[in-house]
Amino acid sequence: MKRAAGVSALALAFALGSRVPSSGANDFRDAIDRAMPAVVKLYGAKAGRVAGFASGFLVRPDGWILTVDSVMFTQSPRITAVLSDGREFESEIKRRDPSLGALLLKISAKDLPFRPLGNSASLKPGAWVILLGNPFKLASGADPCSATVGVFSGTAPLDAPEDALEKAIRIPVLLLDAPNNPGAYGGPVVNLDGEVVGVEGRLFTSPLTNTQVSFAIPSDPLKAFLEDALAGKAEPVAPSGPAPDVRPSLRVLLFDAVSGKAPAYVDAVPRGSPAAAAGLKENDLVLELDGQKVNDCDGFRQIEKRLRPGAKTALKVRRGDQILRIEVPVVDVAPKGPGPGKEGKK
Amino acid sequence: MIRTILPVPILFLLLAAAPDPGASPAGPPAPAAPAPSAAPAPAPGAERAAERVFQDVAERLGPSVVSIDTVAIEKGLRPDKAIRFRRAEGGASTGLIVSQDGLIVASAFFFKDVEAVAIRVRLHDGRELPAKMLGRDVSRGIAVLKIEAKGLFVPAACPRDEIKVGRWAIALGRALSADRPTVHAGIVSAINRISGRAIQTDAPLSPANYGGPLADAEGRIMGICVPLSQHGDEAGAAMYDSGIGFAIPLADILAQLPRLSKGDVIRVAFLGIQFDPERNSGGVDVSGIFPGSSAEGAGLQKRDVILELDGKRIDNFFQFQFEIGRRVAGDKVDLKIRRGAEYKTLRGIELKPMPEAEELVKMVEEQIRRKREDQMDMLRRMLEEQKRRGIPDPPPPDEEE
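Just so you know, the sequences run in chain order A and B.
Going by the numbering used here, the letters in the first sequence line up with residues 1 to 346, in that order.
Going by the numbering used here, the letters in the second sequence line up with residues 1 to 401, in that order.
Honestly, the hints are just simulated from the structure, not real lab data.
Note that the structure is predicted; figures quoted are calculated from it, not measured.
Below are the SDA-like pairs computed for lysine to any residue, each with C-alpha atoms no more than 20 Å apart in a straight line:
#, chain 1, residue 1, chain 2, residue 2
1, A, K305, A, P335
2, A, K293, B, V117
3, A, K293, B, P130
4, A, K316, B, V117
5, B, K164, B, A190
6, B, K332, B, P355
7, A, K94, A, G232
8, A, K293, B, L129
9, A, K316, B, A116
10, B, K336, B, L346
11, A, K293, B, R122
12, A, K137, A, N181
13, A, K124, B, S177
14, B, K146, A, L324
15, A, K261, A, E282
16, A, K293, B, G91
17, A, K110, A, V82
Take the sequences, apply the hints, and build the full model.
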């Protein structure tokens with residue numbers, strides 16, 4: 001092998017700092033030892049194709065268990081929690097948050113081993129993460145759950161399709177390269193310090209990559225959910241879509257006369273419309289609307305109907321050799337008062 | 001599972017004092033690595049050291065990894081004017097900057113069977129630029145794009161002979177999130193896969209990082225992640241999540257860059273011989289020649305034995321295929337052969353591109369027709385021989401099919 005005279009500063013730092021005997025420190029083991037006692041095995045009834053088992057973990061010493069919601073919890077009359085010492089408890093569902101896909105259970109016990117929610121914002125891509133849970137209910141009773149290691153890949157929205165259970169999770173989630181398996185969901189995802197940085201999500205196939213994505217709900221938004229529950233605040237109301245009598249529109253005519261699957265070319269911008277005033281032009285190809293990628297005319301309409309009338313939104317368009325960002329006001333074109341603006345066919 | 005063998009690659013890292021990529025002449029210096037004094041980790045385990053390597057590599061290489069959004073349309077039968085009537089096939093992928101003035105290497109997977117109407121490249125600093133498609137290397141699943149920019153950060157390539165099995169392999173992508181590159185880690189599982197064209201890794205590869213770099217622990221680029229299979233096509237998508245992924249050595253791509261940036265399409269080379277796996281006369285036993293192939297043009301014949309390719313000794317067909325696989329259409333090769341008792345060297349055989357599926361079918365049909373004729377000929381000769389001798393003879397054992 002070719003050796004250069006200049007030794008990389010980084011390699012040097014490791015060479016000096018990590019002369020550890022092979023039988024010595026193991027950062028994985030330390031983290032696992034710290035977090036594993038708080039991991040809980042959850043059992044319910046099998047509901048259709050959804051397995052009747054999951055994982056969770058104690059977030060408070062007085063029996064609060066955090067996990068991820070699934071059909072099992074809505075269909076099972078009883079959820080049994082088995083602690084790391086093998087004790088079994090009946091649990092009570094206390095609270096759920098559909099926008100996070102999170103669920104909080106409570107058992108009647110005290111002085112339990114627990115793991116508080118840590119800081120997910122400080123996680124850097126490339127950091128090790130360890131998934132603790134009970135895939136395929138391999139462990140039972142006092143058996144320790146499984147630990148699986150991988151790296152934190154980055155944060156990204158899930159882009160779940162409308163029919164997926166995860167569709168409500170619109171916050172960016174933690175993407176992991178550790179394999180996820182049935183039953184491991186709800187278990188804690190910890191860093192090398194054993195801090196909980198997230199909660200493992202259910203098995204999910206990304207429509208973008210057509211691969212199984214291993215993801216976790218980040219711990220930061222879960223903290224507020226947990227605190228509200230402990231403070232006894234009212235459960236949040238599921239956010240509803242725009243009112244039925246509102247039809248948000250940009251008043252842009254797309255070239256979708258033949259197929260909504262055609263690229264989103266602007267066919268016409270009505271003279272005097274806010275979009276025209278903002279500088280949108282015929283033949284612009286829309287690449288992005290409201291921060292979301294637009295593949296075709298249908299994609300444009302999907303995003304358009306969720307916009308808020310009265311606000312402004314940004315379009316990214318390709319015009320000739322340029323990519324332009326254009327801000328356009330969103331208007332309401334629902335048929336009330338004066339006639340609706342001319343619109344592409346629906 | 002690879003993580004259980006952690007200490008080995010780490011040891012490798014400690015022992016292998018590699019050149020600092022920041023000092024490479026290939027581009028402007030990389031952002032400095034964090035000073036060792038900044039993080040005094042008290043006796044960290046090997047795992048923490050590895051974590052810092054992954055994070056540092058991702059951060060240093062981040063500026064060279066771009067996100068690519070494509071608005072494309074199906075390759076249509078209609079003329080170009082009808083672009084707007086055709087179905088849009090969008091996609092997000094990743095690319096790697098390979099020249100300061102905006103040459104980008106990407107996976108051809110996202111441009112296959114479609115016509116790109118708009119390609120948008122997003123740089124690490126948020127700049128968004130339209131890109132043009134230049135050339136493609138079909139044999140390696142690589143596409144080259146160009147954006148109009150200056151002074152871009154170009155990472156160093158890892159020399160091919162320093163890509164070693166067991167070393168860390170860090171795959172970076174920007175398809176899922178344009179803000180920061182995603183990180184997937186594993187090791188180099190094998191080198192010289194797919195006729196020597198690809199590195200194999202167990203870092204999880206998927207459309208999330210196809211087109212992105214596979215870096216070593218020193219932040220040098222070993223290869224570009226692409227979908228591939230043993231058959232050399234893009235069926236590698238079937239191997240998602242399986243711990244088997246492929247990357248094309250960057251050094252090989254850079255060697256073809258002058259052609260690719262001119263807009264050339266580089267195709268898989270095809271000599272056009274069939275071989276007999278049952279026989280081994282110290283080389284490759286040619287058992288058939290595809291009509292219209294380079295082999296036919298060069299005068300290769302059935303029962304020739306190929307002994308050397310460009311001066312390199314060939315012991316069996318796999319070696320031969322490996323050597324041909326490293327070449328591309330348009331390359332010229334010299335073959336040393338044995339024909340009966342005679343030794344010959346056929347010089348300057350230009351390799352034609354791998355025929356399209358339909359052409360290949362025609363070639364095989366023609367091949368079968370010729371074989372049948374041969375057999376009929378043989379039968380006729382045998383009958384004549386028998387008639388001449390007047391006694392029935394068993395057919396010669398070495399001529400039966």
